[in-house]
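Got chain U sorted already, so can you dock chains E, L and Y with the ligands onto it with the hints?
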Amino acid sequence: MDYVIEMLHIRKEFPGIVANDDITLQLKKGEIHALLGENGAGKSTLMNVLFGLYQPEKGEIRVNGKKVEITDPNVANDLGIGMVHQHFMLIDKFSVTENIILGKEPRKKGVIDIKKAEQQVREISDRYGLKVDPRAKISDISVGMQQRVEILKTLYRGADIIIFDEPTAVLTPQEIRELIGIMKTLIKEGKSIILITHKLKEIMEVCDRVTVIRKGKGIATLNVKDTNPQELAHLMVGRDVIFTTEKTEGHPKQAVLEIENLHVKDSRGVEAVKGLNLQVRAGEIVGIAGVDGNGQSELIEAITGLKKAESGVIRLNGKDITNLRPRKVTEAGVGHIPEDRHKYGLVLDFTIGENMVLQTYYKMPVSNKGILNYKEIYKKAKSIISEFDVRTPSEYTKVRALSGGNQQKAIIGREIDRDPDLLIAAQPTRGLDVGAIEFIHKRLVEQRDHGKAVLLVSFELDEIMNLSDRIAVIYEGAFIDIVDPKKTTEQELGLLMAGHRKEKVGEQSNV
Amino acid sequence: MLVSGYNPVNGYIALWNGAFGQVFYIGETLRLATPYIFAGLAIAFAFRTGLFNIGAEGQLIVGWIAAVWVGIAFDLPKAIHLPLAILAAAAAGALWGFIPGLLKARLRVHEVIVTIMMNYIALYSSNYLIRNVLSKQQDTTPHIHHSASLASPFFQKITDYSTLHNGIYLALLAVVVMWFIIEKTALGFELKSVGFNPNASEYAGMNVGRSIILSMVISGAFAGLGGAMEGLGNYGFAFLQSSFSGIGFDGIAVALLGGNTALGVLIAAVLFGALKVGSLNMPIDAGVPNELVNIVIALIILFVASGYMIKWILTRLKKEAK
Amino acid sequence: ACGSNSGNSGSGNKDKFTVALVTDTGGIDDRSFNQSAWEGLQQFGKDNNMTQGKNGYDYLQSKSDADYTTNLNTAVRNGFDLVYGVGYKLQPAIEKIADQRKNTNFAIIDSVITGKKNVASITFKEEEGSFLVGVVAGMATKSNKIGFIGGTDSDLINKFAAGFKAGVKAANPKADVQIQYVGSFDDASKGQSIASAMYKSGVDVIYHAAGGSGKGVFTEAKNIKQDDPSKNVWVIGVDRDQADEGQVTVKGKDYNVTLTSMVKRVDKAVIDLSTKAKNGKFPGGKTIVYGLKEDGVGIAPTQDNLTPEMKAAVKKWTQKIINGDVTIPSKLK
Amino acid sequence: MDFLTALEIIISASLLSAAPLIFTALGGVFSERSGVVNIGLEGLMIMGAFISIVFNLTFAKTFGAWTPWLALLAAMAIGGLFALIHAVASISFRADQTVSGVAINFLALGLAMFLIKKIYGKGQTDTIREYFRQVDIPGLNHIPLIGKLFFQGVTYPSYIAILVAFAVWFIIYKTPFGLRLRSVGEHPMAADTMGINVTKMRYLAVFLSGVFGGIGGAVYAQSITLNFSSSTISGQGYMALAAMIFGKWNPLGAMGAALFFGFAQSLSIIGSNIPYLKEIPSVFLLIAPYVLTILALAGFIGRAEAPKADGVPYIKGER
Ligand SMILES: Nc1ncnc2c1ncn2[C@@H]1O[C@H](COP(=O)(O)OP(=O)(O)OP(=O)(O)O)[C@@H](O)[C@H]1O
Ligand SMILES: Nc1ncnc2c1ncn2[C@@H]1O[C@H](COP(=O)(O)OP(=O)(O)OP(=O)(O)O)[C@@H](O)[C@H]1O
Ligand SMILES: [Mg+2]
Ligand SMILES: [Mg+2]
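Residue numbers (the numbering used here), protein chains in the order written: chain U, 1 to 511; chain E, 512 to 833; chain L, 834 to 1166; chain Y, 1167 to 1485.
Extracted from the complex, chain U is given alone in its bound form (with noise of 0.2 Å):
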């Protein structure tokens, strides 16, 4: 058999921990073969282990049949193995070119040949239809931008083998095309592909074959065509999975969120949100389906109170909360699940107990006259963590050494632990695995259940539909439409985001 690449019973040990256990990987040339586990299953550990990231404790690696040492990634770039990592190795402040050049640049005279730089990076841009602009700044370019930056990062050096963890996480449904566009593309140029994706549906569709791991342990490799998801989640989680989250028919009250006709600009000074008005009731999920960069963040913002409306009135339960400071947003009733975890959700150097009362701090019983009852902290992180599944050695433990996916749990929930009258929930499952997904979507209709309302801003067209009561196309900063999910499809749904109104629909289908 041609294999390209062999990781034969690879053993790596963290302090504490064996996150790949004796696991087996083979790619054979040519083919797209997925890598698929749960969070933390030890998948980017393999792959760092491939790109001379780590080194393994045991086993070893072949290379179009030869044994290799990879002990450094500029062994790994030699052997042409590049690798599109899960969060990005971009620097923000330098130009794609820069960033792609990084390390075997070009030069005329001991200085960088810039002009022969950007040319050839536009050269490869264009061969797999990349279409990225040398010049940009990474700060200034969209994220399904920055990670084609990654992928030339890997041409430029001349990679047969690409490696992409988790690309589609952070992508859009658009991006998430293009992207596959983009890898057959490489596969006809006779590349050969290992991609981790958490996202059954993309493993079914562009892949060959797929190796699953299990808490560091292989599992199987199998021929997608001979498998379906569901076999394919049971043999990663160890159990079913339901896909859908089963819901009752909602019973939407009052009026708990009303918008009307609120226009923000956006940090560049430039209107984002033009004129929208929306409803939410308690009750009720109303989810927004939209391309990125059409007003979304600067809605949720609004809302919250981070950034100034222009104009216009929200009200929160009748009472007008528009441009009060996030304290009394959040005292007056919003819970927020912000889209960056990192960023904004967490503080990552405090305990998980601190985190949990990130809003609450001065309040009774956390805290008492401003003094502080680390023994109440610690009671409700201990409960919150026993309700919401977070797995993590402690209350103590500080929250950067938790998993993204606990991550995302604790932060679920403190917010609704708060017991929000308006839940915000930002993009809750990006980059989560199907076993969180299920978890998160529970807690989130549970929520609607109990008489809040929630807004639930998406990418995943999936998520919204299945999640929402209603649907509320955002364009341009405004809403083109509102939906009934039970009464439309991914593809009427993918129109409305494009611009395209229900009558232009029509003028479309008579065309």
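Don't read these hints as lab results, they were simulated from the structure.
Here the structure is a predicted model, which is why all the values come from computation and not from measurement.
Mixed in with the good hints, there may be bad ones.
[To be verified] With the Cβ distance kept under 10 Å, some of the chain L side facing chain E (calculated, not the full set):
1) Lys887
2) Ser987
3) Asp1009
4) Gly1044
[To be verified] Derived contacts from chain L toward chain Y, CB cut-off under 7 Å, selection only:
5) Asn911
6) Thr1052
7) Asn1056
Even for Gly, the Cβ is constructed at its ideal location relative to N, Cα and C.
Only chains E, L and Y with the ligands this time, still in chain U's reference frame:
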């Protein structure tokens, strides 16, 4: 020391004797440690809340002047006068911290530069005040009234005339206060949170700008109190200073050596006091030049700071043993 | 209370006379009054066959203002019979300790402590020496613009300034003295900038009393000389003979920009007082003032740059001052 | 004093006092751009000043007018080596970089003073005879007006400092080395995945900070104080640190900030010659440079953004 041809054993004995050998020296060590405790707390407090306060020196100077000013200007019962003078020092230091805090919170100006500049402003302005306001063109101010003094006949007696004064109680109290604020209060929680992650703190409803200002104000107040120790305790007056006292700068090392914790600062400050006082004794007792003391201090700091080095050496030794 | 409760303190328990000095933050190598005091003490030791150490004579250096009391006490505890505090900054510390340690004699240099039987004070009439160099400056200037650069705006420094100004006026009423302070004694860069501004604005003689900041003044003067040896630029040194700071070689020819220096003979005062104390004549409670008459201040021996007229004028004014015909102001206005 | 003279004084004084700060701040830029905070600049300057003076006094007879230049080389070498202590402690042994920097300051002063005592038997050295003199830059000094203002009575190190600032800017922004240096300071793990040896880059950067700090100290000692004592370097390292931050970690910015400090100070010196200002208490002139700096900072709204990984030790395999 060995390398340079001095007897290290004698040197260290002299150092030890000069710091702890007699009650007098114990008193002196603690007296010197007193302002170090405050400066260390000031810097540690700022560090814990994500700020680098190089301005403890200036805050200490203005605190000193303010305390002496109150000590001279009023004639009040001790129960009022002393607390008033101490509060004045805290307020002056707080003001000196407020300015960089405000500039950082509102205009995002880096606190390191502003505090460095504020040090010079403090030095020159206080010299001006001493000559033109607190005295009639003299180099020192008059002595503070007895009612504002921290001097302690009791300590002088038991330590054989050392200059140890009642400020040490305040310093110990300050250690407890810092520990309490940082570890036990909602305020400390908020300040630490902002220091670690301002974005998340803002999302959680905290007022980031206010926290930054408050941190600098509290930090400055600690340093200002350090000035009161000198003005009301050690000297009892203020004098023209042609250059910085260095306490504020040494405070950086004290804070960091103490791991930026209250108790750590206390220990590091006493260590510093002991090294500095003890070193004065090295030339006369052992013929070792006290230039060596800075080297000794540096090596101690490096050694303590490189905790990882010790771990590294230990694992190396273990490996070799295998 | 007296110091009898400390085991090894007090004097008189040894038959040999011992003496120590505690420096201010300048230390014994400051090339200024601390060093001068120490040199005096060493000379005294030599003259009396004493050895350096606890049984003879020794010094204690203060590294910061906070060290004075510690050092003074250490000196007492080591049984020295006489302890000098060098510099006005030690005054409060000596004042306090003298009350506590009545068996030890103290001497304060550059400041006055009254009413204590175990303390003698030594001061200098810096204004008199400064007056003499002022006379020289007034005669040496061609632009009638003269500068004075002080370390800080303080009593002591202003004594220099006041005497200097009076000397200039006495010799050359048309000349004008600009006074500027560096703000510190260790900022040579600023000292140089101030000197540069003064020289560029036409000043041709600068008298500095600025310690380390004064180094910049010499550097600037040398630079100007270097550029144009015919230029009339001078620096007047302070505390000791600073001729060595002014040497400059231009195209193989040696020049010296140090016009002369005002010297303060702390060494002499130390020897005098130590001798008295050794002989049991310690002038407790008294203030000894060293002026021109006592040879405690004066003009430096290096006078190569002085014209005969200047030397004559110096001689004339010296006589007048010694005779008490003139009194020199010690305060600016 | 006429306006032109005032201008002349301001420019020459700014250039003179800025030179050591520029060199040292450039050293800080190297170090911090690589992610290593360097509060030890003061100590590095002390080392440079110390070595240059010792070298100068020892070899002046042998090398004549070349002595200060050769002393500069010695200061570069020793400064660089000395900085390696900071590198070892903070990069390899993961000591807190600020602590290690503070230790460097203590160590430098202690070592220099101790050695001075040992070598010369006294606490400060003699005055050097061969130093960086003020010169007229040949050719340029004859340009009308400009020549008089900028190219007469200046020291070579001032102009070299400015040229070097441009060179460092070029190195940091235009060469592969610079790109790698910055990448290591922004995102060491990303740099690592690109095959860049983070530790090596940081060592090199800290070494360079020692080299430049050494030059800074040597220039100061050999063009201003002309000898070495415990107070030769007293706070200039912190001012250089401030210049680096003021200049937003950019070589040209740091240079501008250093020149600004010099400018503000000479302005205050000139101030006492201006009749109107003569009347105000001298304290206002003393504090003016520092107040001006704060005002300037407050005016340049927009924050100084430190390199992202500044102060963060890089531990391979840790997230
Ligand atoms: N740097 C590290 N230090 C210590 N332990 C680690 C480290 N990286 C990973 N681990 C451990 O290895 C295990 C596997 O982690 P890994 O990141 O490979 O999971 P993963 O399968 O990629 O998860 P996810 O799907 O969330 O990305 C984790 O459970 C963790 O305990
Ligand atoms: N610095 C660290 N020290 C110890 N363990 C760590 C550290 N960083 C990560 N881990 C461990 O690695 C595991 C996986 O971490 P990782 O961040 O890959 O989680 P994740 O589920 O992939 O999250 P994300 O959604 O952010 O990708 C966690 O279980 C955590 O315990
Ligand atoms: Mg992973
Ligand atoms: Mg993950």
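Verification of the hints:
1. Checking L/Lys887 against chain E: minimum C-beta separation of about 7 Å stays under 10 Å; hint holds.
2. This hint holds: L/Ser987 has a C-beta 5 Å from the nearest C-beta of chain E, less than the 10 Å allowed.
3. For L/Asp1009, the interface hint is violated, since its Cβ never comes within 10 Å of a Cβ in chain E; the closest pair sits about 23 Å apart.
4. With its C-beta approaching chain E no nearer than about 8 Å, L/Gly1044 sits inside the 10 Å limit, and its interface hint holds.
5. Proximity of L/Asn911 to chain Y is violated relative to the hint, the smallest CB-CB distance being about 22 Å (cut-off 7 Å).
6. The criterion of a C-beta within 7 Å of any C-beta in chain Y is met by L/Thr1052, whose closest approach is roughly 6 Å, and the hint holds.
7. Proximity of L/Asn1056 to chain Y holds as hinted, the smallest CB-CB distance being about 4 Å (cut-off 7 Å).
In the structure shown, a violation is registered for the earlier hints numbered 3 and 5, in ascending order.
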